[in-house]
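Number of protein chains: 2
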Amino acid sequence: MNTLVDGVAQDHIAVRDRGLAYGDGVFRTLRCEQGRLLAWPRHYAKLQADCAALGIVCPEAALLLADLAQLAPASAAVKIIITRGVSARGYACDPSASPTRIVQVAPLPDYPDSLRTEGVQLRLCAWPLSIQPGLAGIKHLNRLDQVMARREWQDASIFDGLMCNARGELVEGVMTNLYLLQGNALYTHPLADCGVAGAMRGLVLELAAGMGVQICQQAFGADRLAQVDALLLSNSLAGVLPVRQCGAQSWHNFDLAQQLHAALLEQARKESIPCCPV
Amino acid sequence: MNTLVDGVAQDHIAVRDRGLAYGDGVFRTLRCEQGRLLAWPRHYAKLQADCAALGIVCPEAALLLADLAQLAPASAAVKIIITRGVSARGYACDPSASPTRIVQVAPLPDYPDSLRTEGVQLRLCAWPLSIQPGLAGIKHLNRLDQVMARREWQDASIFDGLMCNARGELVEGVMTNLYLLQGNALYTHPLADCGVAGAMRGLVLELAAGMGVQICQQAFGADRLAQVDALLLSNSLAGVLPVRQCGAQSWHNFDLAQQLHAALLEQARKESIPCCPV
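Quick mapping for you: the protein sequence lines, in order, are chains A and B. Quick note: the first sequence, position 124, residue 124 per our numbering, numbers continuous. Convert by adding 278 to the 1-based position in the second sequence; the result is the number in our numbering.
Please keep in mind that the hints were generated in silico from the structure rather than gathered at the bench. Keep in mind that the hints are not guaranteed to be accurate.
Derived pair list, reagent style EDC-like, types lysine to aspartate or glutamate, alpha-carbon separation capped at 20 Å [as the list claims (entries may be wrong)]:
#, chain 1, residue 1, chain 2, residue 2
1, A, Lys79, A, Glu33
2, B, Lys357, B, Glu549
3, A, Lys79, B, Glu549
4, B, Lys357, A, Asp94
5, A, Lys79, A, Asp110
6, A, Lys79, A, Asp6
Note that the structure is predicted; figures quoted are calculated from it, not measured.
All chains, full assembly: derive it from the sequences and hints.
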């Protein structure tokens, strides 16, 4: 893995960084293919919004792009972490602290075509998502919920785990957003007091609406799985994936997932920019 | 500040440490005076319990004490952070990862005697505490709630801010546990689905019970402040503090706080061990 911290190649950060002490920061995971960052404007807008929500100064896009030009990945999973920076002991922030900017490049995960043609297998996690309206939607560094949920299985055939919140509402996957197709309506949790509003979630909803699918952002329980025609997942690395099975339920309608994936990839490539010197 | 990481003097950690990526770890703050760690067995037991709750292997006490002997503080705020260690991209843990052990020594905060004789001033924070039964009580590294609440004020005369959860229950201070005295009963939130059960909280409740005070762990709202005879705070660095004022409410009964502080200090010193070579 190649890493830059504040533009300098290094594999460590200050032990007093608030990202370590408090998870005081945000992050993004992006897909880079053939030297181009997919859906960059969408990711950068989300990074800005998440920083603003926590009161962290978001680095200029030009700085991040200069970092990426230095790392010059061809195909990669790019991770950007912005923390509030280094400060002394205690929760109070040193107002003079400047944010820490971390850019990492790692190999893309190996997602075979069969995931898209045969659908993925899920499980239902026992770990509940925290209820916190103040942090809902933000991709921040307080991710113990996801860590604890991901510890529930070792079986490599399980692609992701679905998580409910403490009220029993089915919200999202550990590393994906979740959509339920019933008739011509696509249901997804509104994420008003829990969950992560992924950058691809917005694009999926836009594209589905453009295909004439009705979008319903509303809460539902895990019992709803028995009633729906198809389950879909999205994230920035995998795009849109159809679900084959979750526990006792199974689905065979992969059409919308495949159409949305093709449309999402096309749009994400249209919105891509080169991340190496061209 | 002096820091050891895995027993080695250094001021940085690996950028791939899960403590940074996910807040995947726990911490302790302890008071060291005249080379002795106050209430060490209590702190170590809590560290073990918090590590166990997250499935992190807790380092042996001997390792931590050897670190502290190397740092050899006289009077200090000691911070111990244990993370799940370094792993590759993604929420799944590398089972071969070994925990990262960070021991830091910083000057004790300057708490004048007047805080104890005149009481401290508080404010009520707007930021709600997350509801999460799985993490309640644990002093983990997902501390954005405290960071965001602490950002609500700059006034140095405010010692701490009180936090409610999303259900409107008054739970604790940003950096303290909270107790309400009404008649002969001491009320404190049960922390079943939010909050941090500080190491000193258990000792305060033991000591108060020993003084004949009735202990009531139950939920209450911020409106309860208007009805109580005294407010008390505790943490490991400050001991027990009386509250003089919070918003429009004020209190003048500091007796129990002062008695509990003296008893807590005596017991914490009894339970202390030397942290430098003697």
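Hints versus structure:
This hinted pair checks out: Lys79/A and Glu33/A have alpha carbons roughly 14 Å apart, not beyond 20 Å. Only pairs whose Cα atoms come within 20 Å are accepted, and Lys357/B paired with Glu549/B is accepted, the gap being roughly 18 Å. Between Lys79/A and Glu549/B, the direct Cα distance comes to roughly 46 Å. Violation of the 20 Å bound is thereby established for this hinted pair. Restraint check for Lys357/B and Asp94/A: the C-alpha separation of about 19 Å stays at or below 20 Å, so the hint holds.
Simply put, Lys79/A and Asp110/A have alpha-carbon atoms about 17 Å apart, close enough for the 20 Å limit, and the pair holds. Our distance criterion of 20 Å between C-alpha atoms is met by Lys79/A and Asp6/A, whose separation comes to about 14 Å.
When each numbered hint is compared with the structure, a violation occurs for hint 3 only.
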